[in-house]
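Peer 1: Keeping their order, the protein sequence lines are chains S and H. Once you know that position 152 of the first sequence is 151 in numbering that gives the first Met the number 0, the rest is easy, because the numbers rise by one and skip nothing. Once you know that position 82 of the second sequence is 81 in numbering that gives the first Met the number 0, the rest is easy, because the numbers rise by one and skip nothing.
Hints listed in this document are in silico derivations from the structure and should not be mistaken for laboratory results. Think of the CB as a built atom: it goes at the ideal place given N, C-alpha and C, for glycine as much as any other residue. Worth double-checking, as some hints may not be accurate.
[Stated by the list, open to error] Computed beta-carbon distance windows for the label pairs:
(1) S:Arg87 - H:Gly21: 22 to 30 Å
(2) H:Met100 - S:Glu131: 46 to 54 Å
(3) S:Gln167 - H:Ser81: 40 to 48 Å
(4) S:Leu166 - H:Val15: 36 to 44 Å
(5) H:Asp10 - S:Glu171: 45 to 53 Å
(6) S:Lys95 - H:Met100: 51 to 59 Å
(7) S:Lys90 - H:Asp146: 39 to 47 Å
(8) H:Asp93 - S:Arg207: 49 to 57 Å
(9) H:Ser8 - S:Ala91: 31 to 39 Å
(10) S:Gln167 - H:Ser129: 45 to 53 Å
(11) S:Arg207 - H:Asp35: 40 to 48 Å
(12) S:Gln142 - H:Ala101: 23 to 31 Å
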Amino acid sequence: MSGSSLSWLAADYHLPATYSCRLPLSSANSALISPVPGPAMVRLALIRVGIELFGRAVVRDSLFPWLRAARVLIRPPERVAFCGQVLRAYKADEDKGRVAVGESVVYREMAHAEGSMTVFLDIPLEERSVWESLLKGIGYWGQTSSFAVCLEVRERAPETRECAQPLQAIGEHVLIQPFFSCILSEFRDSHVLWQEVVPEETPEKTTRNPLKLEMYVWPLQVTRRAGGSTLLVRSPFA
Amino acid sequence: MLMKMPARSGDYALLVRYTSVGIGVDTYRWQVAVIDERQRLSRHRAVLSALRDTLLSPDGAMTSTMLSHLTGLEGAIVVRSSVGRAPMYSALMDDFVTRLMAMRSDTCLVYPFETVDAFHATMEELITISAPCFPASYRQGQQQEGDR
Chain S
0 MSGSSLSWLA
10 ADYHLPATYS
20 CRLPLSSANS
30 ALISPVPGPA
40 MVRLALIRVG
50 IELFGRAVVR
60 DSLFPWLRAA
70 RVLIRPPERV
80 AFCGQVLRAY
90 KADEDKGRVA
100 VGESVVYREM
110 AHAEGSMTVF
120 LDIPLEERSV
130 WESLLKGIGY
140 WGQTSSFAVC
150 LEVRERAPET
160 RECAQPLQAI
170 GEHVLIQPFF
180 SCILSEFRDS
190 HVLWQEVVPE
200 ETPEKTTRNP
210 LKLEMYVWPL
220 QVTRRAGGST
230 LLVRSPFA
Chain H
0 MLMKMPARSG
10 DYALLVRYTS
20 VGIGVDTYRW
30 QVAVIDERQR
40 LSRHRAVLSA
50 LRDTLLSPDG
60 AMTSTMLSHL
70 TGLEGAIVVR
80 SSVGRAPMYS
90 ALMDDFVTRL
100 MAMRSDTCLV
110 YPFETVDAFH
120 ATMEELITIS
130 APCFPASYRQ
140 GQQQEGDR
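Generate the whole structure from the sequences, applying the supplied hints.
Peer 2: See below:
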């Protein structure tokens with residue numbers, strides 16, 4: 000791993016319909032959302048696509064060591080609108096061999112975007128085709144109905160002022176008050192174990208949480224708020 | 000007696016993704032559960048038929064009194080014939096069919112339609128001639144076993 004040189008790949012995603020990426024710690028029955036997926040969601044989506052395309056063994060042995068350690072940056076779309084929706088939710092419960100489907104009413108924020116979002120991944124370029132397949136293979140973020148289409152993958156370094164940043168990484172000179180912020184999950188560190196991320200593969204339970212929670216600030220400013228709906232517009236950090 | 004009934008008409012945008020490679024597959028672990036190709040084909044045809052009928056003969060709330068129905072249908076069906084995703088584009092954009100057509104290639108087939116009968120004909124063709132393939136990881140595993 001250490002001998003390979005790293006370079007940035009940028010993948011642009013079009014979000015053709017409403018989508019919903021639930022914030023960690025927010026209730027499934029009253030879900031708040033982030034404007035686009037956070038870093039842990041990107042890593043987990045790449046793992047999922049990797050298993051689909053190449054199988055578990057390849058992802059575990061070849062890709063996961065890179066995926067857990069790669070730098071991930073996310074540039075949000077130009078405009079993102081949030082609105083609250085009241086939905087019917089169904090849950091299947093199995094009891095004594097019989098499956099009963101329960102129905103309840105839930106509240107969930109949904110987002111709609113204008114412009115594409117970009118995921119930047121710092122990875123070894125000698126296996127560029129593999130990473131390109133993974134990035135192009137992502138069909139949704141968050142809920143399976145949150146469709147996403149990868150329009151293009153190219154070599155391009157991120158403009159960090161346009162990407163979400165952990166609060167701790169933002170300098171004191173940046174006035175964060177006008178920017179949208181939320182809690183996101185990220186891998187605990189670059190040494191997270193495969194068994195911690197894909198726990199059902201080994202019989203023994205792992206006790207360590209592979210994820211950590213961190214406050215992130217998005218380069219998005221709230222420009223309008225009316226009755227539970229919010230409009231965010233991209234604006235780079237100063 | 001006078002009765003007031005609601006009546007409405009509008010343009011609706013709908014996006015549907017069907018991942019035929021997931022037929023008979025545990026998509027959490029990406030392990031094939033149904034290996035019999037005839038079984039998979041009949042399930043695939045049932046899915047496409049249901050999708051066709053959902054649009055051409057809608058069912059649901061107020062069906063018995065209002066009988067909701069189409070007054071027009073336009074769009075595009077995009078089929079990816081190799082490993083990868085078929086592109087989608089927001090139907091709220093006026094040029095979405097043009098954009099999808101621009102992404103056409105040997106492995107990305109685009110079937111635009113402007114009428115219900117054109118949609119029906121394309122779906123019938125897909126039901127007749129298309130078949131779900133096995134997941135890439137499964138095919139690789141089978142090939143490796145064959146090589147041994």
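Peer 1: Take a look at whether the Cβ-Cβ distance between serine 8 (chain H) and alanine 91 (chain S) falls inside 31 to 39 Å.
Peer 2: Given range 31 to 39 Å: holds, Cβ gap about 36 Å.
Peer 1: Against the range 45 to 53 Å, how does the distance between the Cβ atoms of aspartate 10 (chain H) and glutamate 171 (chain S) compare: consistent or not?
Peer 2: The hinted range 45 to 53 Å holds for aspartate 10 (chain H) and glutamate 171 (chain S), with Cβ atoms some 50 Å apart.
Peer 1: Verify the CB-CB distance for lysine 95 (chain S) and methionine 100 (chain H) against the hinted window 51 to 59 Å.
Peer 2: holds (54 Å)
Peer 1: Check the following: the C-beta atoms of glutamine 142 (chain S) and alanine 101 (chain H) are separated by a distance inside 23 to 31 Å.
Peer 2: holds (28 Å)
Peer 1: Confirm or reject the claim that aspartate 93 (chain H) and arginine 207 (chain S) have a C-beta distance inside 49 to 57 Å.
Peer 2: Since aspartate 93 (chain H) and arginine 207 (chain S) have Cβ atoms about 51 Å apart, the given range 49 to 57 Å holds.
Peer 1: With respect to the beta-carbon atoms only, verify the hint that glutamine 167 (chain S) and serine 81 (chain H) lie 40 to 48 Å apart.
Peer 2: holds (44 Å)
Peer 1: For arginine 87 (chain S) and glycine 21 (chain H), compare the CB-CB distance with the range 22 to 30 Å and indicate the outcome.
Peer 2: holds (24 Å)
Peer 1: Does the Cβ pair lysine 90 (chain S), aspartate 146 (chain H) satisfy 39 to 47 Å?
Peer 2: holds (45 Å)
Peer 1: Quick check: does the Cβ-Cβ distance between leucine 166 (chain S) and valine 15 (chain H) fall within 36 to 44 Å?
Peer 2: holds (39 Å)
Peer 1: Given the hint of 46 to 54 Å, is the C-beta distance from methionine 100 (chain H) to glutamate 131 (chain S) inside that range or not?
Peer 2: violated (23 Å)
Peer 1: Would you say the C-beta atoms of arginine 207 (chain S) and aspartate 35 (chain H) sit inside 40 to 48 Å of each other?
Peer 2: holds (42 Å)
Peer 1: Could you say whether the range 45 to 53 Å given as a hint is met by the Cβ separation of glutamine 167 (chain S) and serine 129 (chain H)?
Peer 2: Holds - the Cβ-Cβ distance for glutamine 167 (chain S) and serine 129 (chain H), about 51 Å, lies within 45 to 53 Å.
In terms of the numbered hints stated before, the structure departs from hint 2 and from no other.
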